[in-house]
Amino acid sequence: MNQFSNLVYLVPLFPLIGFLINGLGRKSLSKPLISLIGCGVILVSFAVSVGIFFEARHFGNTPVIVNLFDFIKVPGFDIPFGFQVDQLSSLFLLIITGVGFLIHVYSTAYMHEEATQHYGRYFSYLNLFVFSMLLLVLGANYLIMFIGWEGVGLCSYLLIGYWFKNNNYNYAARKAFIMNRIGDVGFLLGIFWILSKTGGTLTYSQVFAQASSFSTFDVTAITMLLFIGAMGKSAQIPLYTWLPDAMAGPTPVSALIHAATMVTAGIYMIVRSNVLYTMAPATQTVVAIIGLATAFFAATIAIKQNDIKKVLAYSTVSQLGYMFLGLGVGAYTGAVFHVMTHAFFKALLFLGAGSVIHAMQNQQDIRYMGGIKKYMPVTHITFLLACLAISGIPPFSGFFSKDEILAAAYEHNLILWVIGVITAGLTAFYMFRLYAMTFLGRFRGTHEQEHHLHESPSAMTIPLIVLAILSVVGGFAGIPEVFASNAHGLEHFLSPVIAQNTESHQLNHGTEYMLMGISVALALIAIVYAWSRFSKKPEIEEAEGAGKLLANKWYVDELYDTVISKPLLASGNVLKNVVEKSGIDGIVNGVGRGIQYAGRQIRLMQSGQVGNYILLMVLSMVLMILLVFYGNNLNPIFNMFK
Amino acid sequence: MSTTEILFWFLSVLALVGATMVLISRNPIHSILWLIVVFFAISGHYILLNAQFLAIVNLIVYAGAIMVLFLFVVMLMNLNSDTEPQKNNWMKIAGAISGGCLLLIMIDVVSGSSDMQNKTAIVKEGNIGLIKVLGKVLFTDYVVPFEISSVLFLSAMVGAVVIGKKEKETPNP
Amino acid sequence: MPIQYYITLSIVLFCIGIVGVLTRRNAIIIFMCIELMLNAVNLLLVAFSKMHNAGAVGSDANPTAGVDGQLFVFFIMVVAAAEVSVGLSIIVMMYRNTHSVDVNFLNRLKN
Chain A
54 MNQFSNLVYL VPLFPLIGFL INGLGRKSLS KPLISLIGCG VILVSFAVSV
104 GIFFEARHFG NTPVIVNLFD FIKVPGFDIP FGFQVDQLSS LFLLIITGVG
154 FLIHVYSTAY MHEEATQHYG RYFSYLNLFV FSMLLLVLGA NYLIMFIGWE
204 GVGLCSYLLI GYWFKNNNYN YAARKAFIMN RIGDVGFLLG IFWILSKTGG
254 TLTYSQVFAQ ASSFSTFDVT AITMLLFIGA MGKSAQIPLY TWLPDAMAGP
304 TPVSALIHAA TMVTAGIYMI VRSNVLYTMA PATQTVVAII GLATAFFAAT
354 IAIKQNDIKK VLAYSTVSQL GYMFLGLGVG AYTGAVFHVM THAFFKALLF
404 LGAGSVIHAM QNQQDIRYMG GIKKYMPVTH ITFLLACLAI SGIPPFSGFF
454 SKDEILAAAY EHNLILWVIG VITAGLTAFY MFRLYAMTFL GRFRGTHEQE
504 HHLHESPSAM TIPLIVLAIL SVVGGFAGIP EVFASNAHGL EHFLSPVIAQ
554 NTESHQLNHG TEYMLMGISV ALALIAIVYA WSRFSKKPEI EEAEGAGKLL
604 ANKWYVDELY DTVISKPLLA SGNVLKNVVE KSGIDGIVNG VGRGIQYAGR
654 QIRLMQSGQV GNYILLMVLS MVLMILLVFY GNNLNPIFNM FK
Chain B
137 MSTTEILFWF LSVLALVGAT MVLISRNPIH SILWLIVVFF AISGHYILLN
187 AQFLAIVNLI VYAGAIMVLF LFVVMLMNLN SDTEPQKNNW MKIAGAISGG
237 CLLLIMIDVV SGSSDMQNKT AIVKEGNIGL IKVLGKVLFT DYVVPFEISS
287 VLFLSAMVGA VVIGKKEKET PNP
Chain C
12 MPIQYYITLS IVLFCIGIVG VLTRRNAIII FMCIELMLNA VNLLLVAFSK
62 MHNAGAVGSD ANPTAGVDGQ LFVFFIMVVA AAEVSVGLSI IVMMYRNTHS
112 VDVNFLNRLK N
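Protein chains in written order, with my numbering: chain A, 54 to 695; chain B, 137 to 309; chain C, 12 to 122.
Since the hints were made in silico from the structure, they are not lab data.
Mixed in with the good hints there might be a few duds.
[Stated by the list, open to error] With a straight-line Cα cutoff of 20 Å, these simulated DMTMM-like cross-link-like pairs (lysine to aspartate or glutamate) come out: (1) B:K260 to C:D79; (2) A:K426 to A:D360; (3) B:K268 to C:D79; (4) A:K426 to A:E508; (5) B:K255 to B:D244; (6) A:K84 to A:E167; (7) A:K427 to A:E508; (8) A:K427 to A:E501; (9) B:K260 to B:E141; (10) A:K601 to A:D418; (11) B:K301 to C:E94; (12) B:K272 to B:E283; (13) A:K426 to A:E501; (14) B:K255 to C:D79; (15) B:K272 to C:D79; (16) A:K80 to A:E166; (17) B:K228 to C:D113.
Please read these numbers as outputs of a predicted model, since none were measured by experiment.
My request is simple: use the sequences and hints to build the entire structure.
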């Protein structure tokens with residue numbers, strides 16, 4: 054019955070094999086072979102995942118746990134290397150391998166101009182990335198999740214800095230790594246805290262079973278620490294600045310980071326720990342507030358960005374904020390739902406943007422685009438669908454998931470809902486500003502670029518089309534109660550994993566229709582305004598006043614630089630020049646010099662003169678007699694050392 | 137005070153004075169002569185303890201043979217003048233202090249020992265020190281060590297001859 | 012005589028020997044001090060043998076108890092005689108090489 058689920062180790066195994074083959078053989082394999090291996094392993098994983106997904110329907114409340122071997126086993130501390138297959142992880146498996154596969158296929162065309170060696174390196178990193186994410190999702194305890202968590206961080210570093218000859222890209226990679234690391238500290242501390250409370254186990258089922266015996270303080274502290282980890286990984290305030298910079302990597306990598314892997318790790322972790330979070334209302338409030346603040350803040354920044362990828366990056370940050378809002382108000386299913394739909398349309402947006410960038414010969418600034426509609430019909434249509442989906446226009450997928458979160462927020466607190474809806478309007482506005490400036494109007498680039506404009510090869514367009522279909526229909530996995538009773542398939546599917554769904558459906562239908570109406574109307578207004586404004590008169594000049602503030606991302610990077618980096622560097626310099634040079638070096642060299650001096654002095658004892666030796670012998674005799682016959686009198690002194 | 141005690145104290149003081157003089161004499165010849173005095177005093181103690189055999193052997197072997205050997209060596213080397221340079225006073229002080237420490241500690245240990253309280257060594261009496269008794273034990277129970285000691289003497293003799301032999305060629309004077 | 016007296020006398024003689032070894036640099040004097048120390052020990056052994064004999068006479072168990080101590084003294088003398096013969100020949104040898112009996116010239120142990 055569970056024949057696929059018992060083979061779950063194959064899912065991460067294949068990407069690992071692909072990583073090893075491509076990584077080790079990157080100099081000897083040919084490009085088609087690399088593509089075949091890189092995509093093939095993900096496809097196999099996807100196939101197994103599909104099998105697992107269909108089995109997972111029937112699991113009920115008992116997940117399948119596959120323990121491969123003992124990872125850490127010492128007395129009082131037992132952590133197996135095990136995989137847990139349940140509804141939640143199988144859903145994520147599907148998203149990761151499915152979207153990941155499409156991105157791999159897309160990459161074969163996008164990266165075609167790279168040298169073979171780098172091409173192999175790229176695919177090995179991609180496979181490793183998918184492997185890490187699968188490990189993260191499949192782990193049956195927090196430690197395995199942490200391994201995947203770190204692996205994802207490593208791969209993001211490697212891939213953001215893929216073009217390592219450009220120093221700015223290296224800085225971006227380093228920034229991503231360090232920001233993630235700050236979050237990881239929180240996550241790790243949270244794990245330790247759990248470990249100390251459960252007495253040596255990190256396995257989910259056991260932790261959650263014991264969770265009811267934790268004190269409120271412990272649960273709040275654990276969840277807060279875990280949330281700090283999620284902040285870093287999922288780019289929430291204040292650790293979000295790495296994500297826009299992560300655009301330094303190749304565009305398919307951005308798609309992978311933003312859609313299938315990496316940033317959803319934080320969401321997954323919190324959903325996985327929903328038992329703990331439900332027990333800690335204080336943390337939930339913090340999560341909701343930070344999520345909402347991030348959503349709004351990032352949306353405002355996105356309005357004034359001119360880099361096509363930066364806009365998408367800030368929109369990701371904003372959408373992640375939505376997901377955290379959903380987690381904070383207890384709509385775990387809604388958050389997972391939004392992860393899923395977001396994976397579809399955000400991957401689509403990035404791949405579409407990549408297609409445009411590819412055609413524009415690496416031009417990323419939307420002020421020099423425009424009118425691409427007629428050159429790239431497939432890209433144009435799919436991009437438009439994705440924009441509609443992210444803007445929350447029914448019946449596209451974004452509408453359902455976003456509406457579910459907003460409805461939950463409304464139940465929780467009206468203010469949360471108001472800001473959420475405004476943010477939704479902003480989202481629609483900046484997405485269609487992007488769309489209009491890219492595809493509408495007339496072409497503003499050079500003639501040479503215009504001459505080269507062409508539709509992308511089928512390896513790129515087919516993933517676009519598949520994702521577009523998913524973006525359009527993906528929402529029907531979770532049709533809200535108002536439209537059809539008992540039609541929310543995802544909620545049914547996930548119900549065994551999410552212990553206490555506070556997402557009750559007590560809003561009456563009228564209110565819910567009204568809420569939908571308001572958000573859709575706002576989005577439509579924003580779309581129409583953006584369409585009409587930016588298709589005719591694109592915003593080319595530099596922003597002024599408040600716009601400049603937004604264009605410069607609220608000067609957050611500069612703020613961090615001034616408040617954190619500069620003092621840190623200064624104190625580092627002080628430590629280096631004062632403490633290190635005179636203090637630590639002084640101690641170290643002093644010890645060395647002292648020993649040398651003592652050695653020189655003690656050497657004089659070995660004078661070779663018989664008299665000295667006899668003297669020492671006599672003194673030793675005195676000492677021995679003292680110890681033997683008067684040793685008891687010294688006991689009080691010896692006892693002091695015991 | 138009985139005659140025995142008078143003799144004991146006299147011999148003890150003689151031994152200590154002799155030993156001190158051995159130590160502080162500048163002239164090696166004087167040291168040797170004072171050492172002979174010490175040996176005579178100790179032989180006197182042996183007689184007091186009625187250990188006649190050891191008293192005689194002590195006189196013959198130590199005071200007779202060994203000290204004569206010392207005298208021969210000193211005189212052969214013409215060392216009777218004061219050849220010892222007096223410069224390392226630190227060493228002398230350190231030696232005296234450590235020796236004194238050892239003395240104090242050992243005396244304190246022994247006088248504090250309960251085993252030695254109220255025990256006496258019988259003087260003027262007892263026959264275990266007589267040649268007859270010792271001889272019996274020596275040639276029955278201790279005959280093997282006795283014979284081995286003859287081997288020791290042989291090897292000592294050979295060693296002394298080998299070491300003392302003048303080398304044919306002397307590379308450095 | 013109380014055994015304490017003999018012990019004290021022996022210790023004093025022994026320590027004089029040690030001080031002599033430590034302070035004098037003439038090899039022959041050092042050698043003589045060693046002989047002095049040996050004799051101090053001999054004296055103590057004889058005294059102890061008589062002490063044991065006294066204990067045995069009281070209980071009338073073994074009239075020759077303590078004779079071992081005196082035999083030890085005998086063997087010590089044997090060994091001392093052998094030692095002196097070898098040691099003196101070494102000193103003669105040393106004098107022949109360095110024209111001195113100062114032990115501080117014998118610092119080749121250093122190398």
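Hint check:
1. The straight-line distance between the Cα atoms of K260 of chain B and D79 of chain C is roughly 19 Å, inside the 20 Å bound, and the hint therefore holds.
2. Between the alpha carbons of K426 of chain A and D360 of chain A the distance comes to roughly 18 Å, so the proposed pair stays at or under 20 Å and holds.
3. Proposed proximity of K268 of chain B and D79 of chain C is supported: the alpha carbons are some 14 Å apart, at most 20 Å.
4. Straight-line distance between C-alpha atoms of K426 of chain A and E508 of chain A comes to about 10 Å, which keeps the hinted pair within the 20 Å bound.
5. About 17 Å separates the Cα atoms of K255 of chain B and D244 of chain B, which keeps this hinted pair within 20 Å; it holds.
6. The suggested pairing of K84 of chain A with E167 of chain A holds, with an alpha-carbon distance near 10 Å, which does not exceed 20 Å.
7. Between K427 of chain A and E508 of chain A, the direct Cα distance comes to roughly 10 Å. Compliance with the 20 Å bound is thereby established for this hinted pair.
8. A hinted pair counts as satisfied when its Cα atoms are at most 20 Å apart, and K427 of chain A with E501 of chain A qualifies at roughly 17 Å.
9. Note on K260 of chain B and E141 of chain B: the hinted pairing holds, with a Cα-Cα distance of about 11 Å set against a maximum of 20 Å.
10. Distance hint between K601 of chain A and D418 of chain A is fulfilled; the C-alpha atoms sit about 17 Å from each other, no more than 20 Å.
11. Between K301 of chain B and E94 of chain C the alpha-carbon distance is near 17 Å, which keeps this suggested pair within the 20 Å criterion.
12. The hinted pair formed by K272 of chain B and E283 of chain B meets the criterion: a straight-line CA distance of about 15 Å does not exceed 20 Å.
13. Restraint check: the Cα-Cα separation between K426 of chain A and E501 of chain A comes to about 17 Å, which is no more than 20 Å; the hinted pair holds.
14. Restraint check for K255 of chain B and D79 of chain C: the C-alpha separation of about 19 Å stays at or below 20 Å, so the hint holds.
15. In summary, the hint linking K272 of chain B to D79 of chain C is supported, as the alpha carbons are separated by about 12 Å, within the 20 Å threshold.
16. Of the pairs offered as hints, the one joining K80 of chain A and E166 of chain A holds, with about 16 Å between alpha carbons and a cut-off of 20 Å not exceeded.
17. Proximity of K228 of chain B to D113 of chain C is assessed by CA-CA distance (about 15 Å); at most 20 Å being required, the pair is judged to hold.
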